[in-house]
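Each chain, written out:
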Amino acid sequence: MTVESVFNLLLQGVIGYFLISNAFFFLLLAVSFLSIRKSTRLQPLLDSIRERSSFFAPRISVIAPARNEERSIENAVRSFLTLDYPKFEVIVVNDGSLDDTMKTLKVAFELTPATLFYDARLSPSQIRGVFVSKIYSNLLVIDKERGGKADSINVGIGFSRSELFCTVDADSVLERDSLQRVVLPFLEKPDTMLAVGGTVRPVNGSDVRQGRVIRSGLPKNPWALFQIVEYLRAFLFGRVGWSVFSSTMIISGAFGLFHRKSVVEAGGYRRDSVGEDMELILRLRAYAASRNLPVDIAFSPEPVCWTEVPENARGLGRQRERWQRGLAETLMSYPQMFLSPKYGFAGFVAYPYFLFVELLGPLVEVLGYLLALVGGLTGWISLETILLFFIIDVLFGAVMSTFAVLIEENAFFKYPRLSQLSLLMLTALLESLGYRQFCSFHRVRGLVNYLRGDRSWSMQRRIGFQSEASKG
Amino acid sequence: MWLSHLAIYVIACQLGLLSLLVVWTFLRRLRRYVTRRNNIDRTREFRDLIHHYVQAQSGRMRAALVVGLKAQLQSRSERGFFRRLILEALKETGGVGDDHELLVSLYRLLLLDREDLLELQSPLWWKRLAASLRLEALESDDFITTYERLLQDPHESVALSAMRALSRLQRGEKIQKVLEVLARRAPQRLDIYLEVLTRLGQHRGEELLQLLESCYDPEVASVIIYTLGEIRFDPSFEKLVMLTKSSSDTVVARSVEALAKLGRREALPIFHDLLHHPSEEVRVKVLEGMSRWGEMPSQGVLVHLSGEDSIDVRRAIFDLLNRGALQE
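Residue numbers (our numbering), protein chains in the order written: chain S, 53 to 524; chain R, 1003 to 1330.
Next up, chain R with everything else stripped away, as it sits in the complex (with noise of 0.2 Å):
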């Protein structure tokens, strides 16, 4: 008879809950209605308020038009709203321009960066990257100290996206700083690092080679010679063909890919050479500089190297012949 009654009981509450759930879902489906309804509103009003702005003829206009949305904008999730249309705004003005300039002051005017980096406070790393990534939206240099800050964030996302705000902002001199962050922790995204500092070392060649020669971080160096490999700087010749002796394998795989990319032949005897290096990874970054001259290995290095064990090496080879076979 327990059992009877303790099975009732079950199905009270399986069908009090099942109820809830039931209106639960519903309601989660009116307020949907009701939002989208008043955010298709908002959305018109609030483009018009932006556009006006844009397209005032004076600045008391605008002044003006600030005040009325400072009133406006209480509560936060009607900030946030806002602050999304200008973010939308800003990136069809693609960073450049007055109009970008225009949108950027009314997102200070109206303290929106402010709470940005107030939330870049947050012990969440997700709130910490929307910031970050709002904040590289102003494209603005008044936030390069913040940046260099978040590159020492705990967490990855958020390191990654201040190298890439001041990649955007083109400040070379932050190539140091780059550097730092990758000799104070491994980088778990490599390209990435790599990206960023191209782009800032597009026409820093100079600087990226002296801070090579004071660097002794093997995993630093090969990112700088992989640098400087992208951007083509042919000063680096020889410094990169003496490290091709390196005993870092890392260093000189990154070496012998930059030379490939300098393109200068007299390299070509060292790349013989570098065929019967240990590594592997050398090996199979010289059989792909080849491939990229037309140059073709010795017949008896070449049945040597076709034996490894290596998919890699004999993936290199593949392609060697390949484009040697099609250059015929």
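Just chain S, same shape as in the assembly (with noise of 0.2 Å):
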């Protein structure tokens, strides 16, 4: 075999690859938009929930692990304090700060202490104090040693009460309606439903203030302008795709709900984990399986909670390198999911999907880019064919970003200046001319890192929200 016939054989394969993994997108694009569409027919159940708030609500605990948030702890839970929903309570847990975050909620919120049993099953963490407000009866402050963010969820998980928890990044920001929205799935099916994920969206760009998005905006910087479309495009129709074949996979760890019992059963969050959420879920499927449990794991299309995303090039990559790698130690964690009947639709198509598509895909597109560079110096493709194919994939890539713009522009309308349409729909038309290569290209370095055994927790250097007014 020449080298050439290697050459056209891996060409081929990238070629193939390409086109199936296209065709399911498109696939999972077609579903989400229909998905969103019928999604507005529980309205009436959401509007039932704001106007006679008793009825169908279980209560739900907020969780929110902090670790060095002095500077935006406070606005974060009062925001949290304000969400719409009839039967709640708020659990904030410091994971051994460094800084004052204690301090500030301590006068902010007059923290008294208490003493609360805690079922200790599933985080045996040292626990400082745990504090109650004298101000709001619903919020609850755990001080404990540092053991990181899913160990902070379990402490959390172990205070609560409530038949549902929900976990959130101390330094998001929720819409006031987002429990609702949220707790639908729970509330259509009841016996079934394990976790719900929410929709998360960049809130660089937007005006916040007293921990709420008062206009959502778009930023000046390119990176975190490229990552709204990114976001829109995965969780509009990547995840809601997913859903509507009761197949979710991941739910961000920004924002999520989830039944308790079965979490603790399940054995909570792993501690150990660079994408616990993920992790978290595939459990959850694991758990159920092994006792042949129908579970339902859904996604709430609806924007639900905003996120700061990396504004550098450096910040960005060294977050999708994690990100890959979370996603490489999880899958390989559940090797028994892999096109196993008792998965359902979750092993017998997402799993291969996140395998070989989301795993796999950086890798073979950055051997596509290779081939066609070796192929064009070799003259074993001509340069015209290259530039064709790069073209359909560039053109490919702004479809579905395109498509995602469209899908939000009908459904949610977050962004209703006629400037912010037009260039979200300039970003969409350009984002898969090298933002999407750049982000490839740490994902590759993420796998690579795996596979050499890296399972440490880069942090993300947060800037913290400002608001339009204060940025002058």
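Zero decoy hints are in this set.
Per the computed footprint, the stretches of chain R lying under chain S, defined by three or more beta-carbons under 8 Å from a beta-carbon of chain S, are:
#, region
1, 1005-1011
2, 1021-1031
3, 1311-1317
Derived by calculation from the structure, the hints in this document are not laboratory data.
Ideal Cβ positions, reconstructed from N, Cα and C, are used throughout, including at glycine.
Each chain sits in its own coordinate frame; assemble them with the hints.
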């Protein structure tokens, strides 16, 4: 077999992969588009919860792990406390902060020590103190030794007495009605629903005051702008599509609602995992499969949580590298799911998709670029063909992103100004020209680092929310 | 060569699709602007008409307004839009008073209630739910039979909305109907049934007690027991004490819970006995009940229970001890 024939074989493989994965994307796109249109059917039920709150509303514990958040913690907790939901409590878990996070909380909410029952099954962490607020009867603050985000949530679950619990990042901003929206799937299928994820949107460029997004906007920073389109695409048709097939594989750590008892029985969050959010979902699936229990894990397409995204190449690269490592680690932890009938569609289609498209996709993409380079230099492929395929690849990405913008415009209308829509459109058209390749490169790096055994958790540097006014 | 031709063909398709999407998106935006402007005008106009109807001095003026409105509300979207505004106005009345009655009469004169009733026949549950919720806002006894029929709806949310509508009408005699539904289908959201029944049974303790006497379904019985506790119906004490010997753990647990709510200390010896009950659920309820009264089990029993694996029992003991400490 000559080098050229190996090259041709590889090239055919890459093209075949490109066709199959893109067919999947289109399928998800179509399903999501229809699903989001249908989601409006739940509006009367949502209104009903708003109007007559005591009905249809199971109690929820909002668990917010916090570490070194002294700048934003007060606003964040105030925003959680003003959520529009009839029965909820807020549990803030201070994860051994080195700054004045705890002091800020004590002063702002007039915390006083309390003695409460703690279910230590999920975390044997050393609890330094438990505090309740003199002002807000539904606020509970736990001060503990450092153990990581997953451990903090486990501790929060140990103090929760609610049927459901919701995890939020202490530096995220929630929509006022976010709990009402994500609880809906639990009301639809109370016996089988184990978890519901919500759509996360980048907050960069939006006007945030007192822990609320007053006006959603677009950032001037191009990195953040590209991520806005990327999040639209990922959440509005990736996750919605899988949810339709009851095959949700990931719920963002920034916002998710879970059935407490099931999570406790499944063992809670894994403390040593880089991708603890996805790991929990797969564990819940494994837990249900091992007991032959029916399981539903859904996704709410409504924008419910706003989070800050990296605004520079370095931060973004590190984040994507970590995400890819988390994905690899989690998928490799549950090989039994692969094509297993016990897991239904999630095992037969979603797991292989995540393995071959999400995990290996960037590798194939980079391989494709390398083949094009080699082929071009050796003359095995004409420059014209390389160029044409590159254009196809870029245009395909543009079509997907534009469709995501259309879904956003149709269903949610979060960017009301014409200039915002135009900028989103332009970004959608350009996203596959440089930005996507940048991300793919770092995802490949993540995969390589995973294979090398790197399990570290690199932190993202936060710049904190600022209102447009204060930005001048 | 053929590959290049294929690629060019694909690119042309992609460009066409992309153009279509861009144009579609901007057309949606344009339509949104136009609709929003129209809606603002229409809202103002329709709200004025509703206001005139409510404030009109005579029936003749109102009749004239209705005729005008009927002529104006020809299209389905116009009627839907107007219906939404009436329902908003109804919400503001809080369900009582002359304004409420007038708005309901307007709703019915425009035959909007008939449209809702028709929509209740829809095979799509979300349409039935929306129609049920709209009819509920009218708070009219005329729809009682409709709600009763909806109690059998295959979709849980629709059935629950009908129950809620019934409970809002405060028609206690409908208790039997709600219980029948409970007996026929496993309650997916028991808390809602309980709340509905509690509301309906507020002044119907005697009736509930009779129903309990003739009830053989432990699921339904425990709902009645819960309700008796919720409405603090003291004459049920003897019956509840008897039921603590039931073979159904759920019934025993609910009876203990209800007895604790009744607050009669004569039940305490029974509670002490039940601390050794084999069901974890019962033991938890007993401990919670004792916590309510500030009563402590004996040292030996406490030590024994503290060694249990059950997290719920341990939590109940913790609460009991904590409350005792606070009282001291």
